[in-house]
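Peer 1: Chains as they are written, first to last, in UniProt numbering: chain A, 1 to 394; chain B, 1 to 394; chain C, 1 to 122.
Wrong hints could be hidden among the right ones.
Unchecked claim - DSS-like, lysine-lysine: derived pairs with alpha carbons at most 25 Å apart:
#: 1; chain 1: C; residue 1: Lys49; chain 2: C; residue 2: Lys75
#: 2; chain 1: A; residue 1: Lys112; chain 2: B; residue 2: Lys112
#: 3; chain 1: A; residue 1: Lys140; chain 2: A; residue 2: Lys108
#: 4; chain 1: C; residue 1: Lys42; chain 2: B; residue 2: Lys376
#: 5; chain 1: B; residue 1: Lys375; chain 2: C; residue 2: Lys52
#: 6; chain 1: C; residue 1: Lys5; chain 2: B; residue 2: Lys2
Please keep in mind that the hints were generated in silico from the structure rather than gathered at the bench.
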Amino acid sequence: MKRIYMDNNATTAVRPEVLDAMLPFYREHFGNPSSIHWAGRETGAALEAAREKVAKLINCSPAEIVFTSCGSEGNNLAIKGAAEALRERGNHIITTAVEHPAVLSTCKYLEKHGYEVTYLPVDGDGMLDIVALEAAITEKTILVSAMWANNETGTLFPVDKIGAVARNHGICFHTDAVQAVGRVPVDVEAAKVDLLSISGHKIGAPKGVGALYVRKGIRLVPLIHGGHQERNRRGGTHNLPGIVGLGVACDLAGRDLPEVSQRLRRLRDRLEQGLLAAIPESQVNGHPSERLPNTLNVSFNYIEGEAVLLFLDMQGIAASSGSACMSDAFGQSHVIDAMGVDPMMANSAIRFGLGYDNTCEDVDRVLEILPAIVKKLRDMSPFYHERDAASVTA
Amino acid sequence: MKRIYMDNNATTAVRPEVLDAMLPFYREHFGNPSSIHWAGRETGAALEAAREKVAKLINCSPAEIVFTSCGSEGNNLAIKGAAEALRERGNHIITTAVEHPAVLSTCKYLEKHGYEVTYLPVDGDGMLDIVALEAAITEKTILVSAMWANNETGTLFPVDKIGAVARNHGICFHTDAVQAVGRVPVDVEAAKVDLLSISGHKIGAPKGVGALYVRKGIRLVPLIHGGHQERNRRGGTHNLPGIVGLGVACDLAGRDLPEVSQRLRRLRDRLEQGLLAAIPESQVNGHPSERLPNTLNVSFNYIEGEAVLLFLDMQGIAASSGSACMSDAFGQSHVIDAMGVDPMMANSAIRFGLGYDNTCEDVDRVLEILPAIVKKLRDMSPFYHERDAASVTA
Amino acid sequence: MYSEKVIDHFTNPRNVGEIENADGIGEKVSSSCGDRMKVFLKVEDDIIKDIKFQTYGCGAAIASSSMMSELVLGKTLQEALDLTNDQVADALGGLPAPKLHCSNLAADALHEAIKNYRAAKV
Ligand SMILES: Cc1ncc(COP(=O)(O)O)c(C=O)c1O
Ligand SMILES: Cc1ncc(COP(=O)(O)O)c(C=O)c1O
Ligand code: FES
Ligand code: FES
Chain A
1 MKRIYMDNNA TTAVRPEVLD AMLPFYREHF GNPSSIHWAG RETGAALEAA
51 REKVAKLINC SPAEIVFTSC GSEGNNLAIK GAAEALRERG NHIITTAVEH
101 PAVLSTCKYL EKHGYEVTYL PVDGDGMLDI VALEAAITEK TILVSAMWAN
151 NETGTLFPVD KIGAVARNHG ICFHTDAVQA VGRVPVDVEA AKVDLLSISG
201 HKIGAPKGVG ALYVRKGIRL VPLIHGGHQE RNRRGGTHNL PGIVGLGVAC
251 DLAGRDLPEV SQRLRRLRDR LEQGLLAAIP ESQVNGHPSE RLPNTLNVSF
301 NYIEGEAVLL FLDMQGIAAS SGSACMSDAF GQSHVIDAMG VDPMMANSAI
351 RFGLGYDNTC EDVDRVLEIL PAIVKKLRDM SPFYHERDAA SVTA
Chain B
1 MKRIYMDNNA TTAVRPEVLD AMLPFYREHF GNPSSIHWAG RETGAALEAA
51 REKVAKLINC SPAEIVFTSC GSEGNNLAIK GAAEALRERG NHIITTAVEH
101 PAVLSTCKYL EKHGYEVTYL PVDGDGMLDI VALEAAITEK TILVSAMWAN
151 NETGTLFPVD KIGAVARNHG ICFHTDAVQA VGRVPVDVEA AKVDLLSISG
201 HKIGAPKGVG ALYVRKGIRL VPLIHGGHQE RNRRGGTHNL PGIVGLGVAC
251 DLAGRDLPEV SQRLRRLRDR LEQGLLAAIP ESQVNGHPSE RLPNTLNVSF
301 NYIEGEAVLL FLDMQGIAAS SGSACMSDAF GQSHVIDAMG VDPMMANSAI
351 RFGLGYDNTC EDVDRVLEIL PAIVKKLRDM SPFYHERDAA SVTA
Chain C
1 MYSEKVIDHF TNPRNVGEIE NADGIGEKVS SSCGDRMKVF LKVEDDIIKD
51 IKFQTYGCGA AIASSSMMSE LVLGKTLQEA LDLTNDQVAD ALGGLPAPKL
101 HCSNLAADAL HEAIKNYRAA KV
């Protein structure tokens with residue numbers, strides 16, 4: 001059975017060029033880049049070369065890149081670090097109801113420590129209302145954290161407008177761009193971003209590496225105190241192979257982005273239109289146009305998403321229900337929830353995250369298999385039968 | 001020129017068996033272990049297998065292992081996490097003057113947040129006085145953080161005694177065992193440890209992965225908030241290849257430890273005795289017997305350590321001056337300083353950290369080269385000439 | 001982290017040593033790291049005929065000492081007094097930021113030696 005992986009918003013395979021570039025750094029060039037001897041010099045140069053590549057992809061200067069271990073660390077460092085550094089100026093943070101758990105639970109944590117957090121709502125497409133953002137700002141607002149692209153629906157926030165509002169009010173602006181970087185053009189200058197989180201394993205780099213963009217002049221209390229690495233912003237010996245991999249992945253992403261995103265968009269649209277046509281009472285969750293080109297979040301009323309995923313899995317197709325985290329899969333998605341989607345519709349939401357390796361055949365196979373799965377589950381569902389009964393009665 | 005790497009306390013090469021085990025997890029088995037589909041199941045099993053291996057090496061149960069990105073993260077998580085969780089019970093932390101920067105700067109940070117920290121002194125061998133520890137305990141003491149093995153001198157603290165004292169007083173005990181695990185036997189039960197930090201890249205696993213042992217029942221506020229990974233103790237997608245590598249490295253370390261540590265001790269002793277015999281007015285910094293088998297910290301009076309390292313480097317020999325961190329290399333080592341070593345002697349301290357790949361020839365080559373380097377630098381040193389003059393006059 | 005020039009002067013430092021019956025001796029101890037340099041001068045007709053140094057210090061300190069000695073050998077005392085720490089660092093092809101202070105030793109010790117020479121002559 002051919003395995004089809006369509007969960008690239010959860011994690012991606014490492015790209016071959018990335019792995020090739022990493023390999024020499026495990027056993028040959030393994031020195032600590034902070035060391036003064038040959039073994040350190042070799043890796044020191046590779047570290048800075050990678051930093052330049054990451055910086056180039058998002059249009060910042062290399063000194064503004066802090067390497068981290070993952071997107072979650074970046075979000076924690078950005079939010080806790082800025083909140084603490086700016087504590088004298090205020091204690092109010094604005095974020096949105098649809099952020100990744102790494103942002104939301106960090107904000108919840110800060111609420112226990114004297115911070116006040118506003119969670120902005122989104123509309124039915126998962127879109128943020130920029131007027132609501134303006135209205136939420138108080139004298140005490142020190143930080144806005146709003147994601148670039150939503151991991152569950154792919155909805156793209158108007159980051160440039162958010163950045164302009166924050167800049168006008170002199171408020172620090174963090175964006176979780178873990179799903180956006182490498183998938184859509186990201187420019188920290190154009191968007192007036194101050195802090196931006198990146199995760200390697202979403203863009204063909206390995207797990208265990210990420211980066212945080214920290215605009216020059218933005219003060220940040222470190223999350224991981226330690227040595228002088230990363231200009232005192234992140235202690236710990238550098239993950240050289242990972243960092244080298246992230247550099248190459250950013251390089252490739254920058255080079256391929258226009259072509260790949262167009263290709264994935266076409267595949268995604270084919271999948272979307274095919275499913276909507278074949279399965280009645282299905283709907284797309286997320287913004288019709290302002291959306292990541294690779295992402296499709298779709299609901300099939302009357303059935304449960306997990307059951308759909310299990311059947312897909314048995315046919316070798318890997319998709320997911322929103323957040324990659326299993327424990328979350330059992331509860332309802334806070335994102336779909338915040339969009340005001342009817343609970344039963346929400347419960348059936350599943351997410352396809354297309355990736356570099358997906359083909360048209362992959363899409364067609366899903367189109368071949370999924371309608372039957374939905375039918376089978378609906379046939380089992382009391383809600384489905386009651387609806388039939390209701391419409392018959394009506 | 002043959003390159004000789006003797007900086008294994010800074011970082012080690014990944015062992016070939018470790019790299020082999022990691023490779024399938026970059027492109028073949030790359031799924032997110034939190035996912036419910038085939039791609040996640042494959043890696044989920046590997047994740048738990050690695051957890052068991054790490055647990056076995058330190059004699060704990062797998063559920064007590066939290067995977068981290070490095071030793072510094074483990075130290076930050078342990079100290080900040082326990083300090084916050086125990087805040088109601090008290091605000092006093094005891095540590096030692098010779099801890100790694102990841103512990104010391106975390107403690108300094110906590111001092112700004114209402115915690116009081118006692119930094120216990122050490123004696124001339126870098127050894128901790130257990131009586132001083134007892135004397136430092138107050139009603140408000142909530143945490144003792146004392147390292148298992150010192151990274152600069154290799155001195156081994158009497159961890160079992162520290163653990164017994166802490167346990168008797170109902171105080172949580174964290175030990176930074178980054179240099180100890182895999183080099184000397186580490187048993188969390190025997191030592192009555194509650195929290196213990198491990199770093200992969202010191203024992204032949206890759207950079208970018210570590211672990212924190214958290215004794216069952218010990219409460220900890222997460223450092224990286226996010227998803228439900230690691231039983232809510234550490235958010236972020238698992239670094240599967242790194243974790244698999246750490247598992248294999250722990251396995252190998254457990255298997256090889258007796259033989260390897262004996263071999264390295266013999267090499268280290270040969271180096272030590274050879275240098276002391278060939279170079280007058282040199283001394284070992286660290287405990288004569290209670291010391292990591294692979295570590296030699298040695299001073300050559302009248303000259304500067306960095307200059308020695310540069311000359312060694314030109315001959316292909318990688319050693320270091322204490323902490324791997326370059327910026328530290330310029331100042332004096334806080335460890336050697338705390339041992340009360342005469343400043344000029346302290347300034348000349350260099351560290352050899354032997355590793356798995358070192359041979360007897362490596363040692364002999366250092367013995368061949370280093371005396372001449374010291375002589376050359378002493379010939380340049382005004383202090384050395386004044387000493388001659390002084391003794392001639394006398 | 002060090003330029004090739006630094007490594008060259010560090011590996012083969014020029015003018016290391018001591019001048020017996022030197023005309024001027026100067027010394028400087030770094031306030032930031034405790035490193036120390038000593039300069040010995042032989043002067044004829046206001047020209048530095050010979051220069052030797054002893055340095056206790058890091059690679060940058062030793063290279064700076066050597067470079068300084070090369071820069072002023074055969075120069076007039078006034079030219080030597082005009083030599084700045086920055087010029088020494090520049091001549092070495094630059095120094096890493098945390099190592100800039102190391103070049104201070106060289107010019108300062110040299111100027112001290114000239115001062116002492118002039119004081120002794122009076
Ligand atoms: C004793 C000790 N603790 C902590 C660390 C930090 O480990 P890592 O570099 O993995 O963050 C090191 C190594 O640098 C160490 O030697
Ligand atoms: C939007 C978003 N933010 C943050 C993260 C966390 O990234 P990581 O798994 O690298 O910690 C993810 C992925 O899980 C994400 O999709
Ligand atoms: S019955 Fe299993 S999640 Fe509700
Ligand atoms: S560190 Fe002292 S002179 Fe360079």
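Peer 1: Now tell me if each hint is right for this structure.
Peer 2: Now the hints, each set against the structure:
1. Of the pairs offered as hints, the one joining Lys49/C and Lys75/C holds, with about 8 Å between alpha carbons and a cut-off of 25 Å not exceeded.
2. In summary, the hint linking Lys112/A to Lys112/B is supported, as the alpha carbons are separated by about 18 Å, within the 25 Å threshold.
3. A hinted pair counts as satisfied when its Cα atoms are at most 25 Å apart, and Lys140/A with Lys108/A qualifies at roughly 18 Å.
4. Under the criterion of a C-alpha separation no larger than 25 Å, the hint pairing Lys42/C with Lys376/B is consistent with the structure, at around 24 Å.
5. Between Lys375/B and Lys52/C the CA atoms are separated by roughly 18 Å; this keeps the pair inside 25 Å, and the hint holds.
6. For the hint linking Lys5/C to Lys2/B, the alpha-carbon distance of about 24 Å falls within 25 Å, and the restraint holds.
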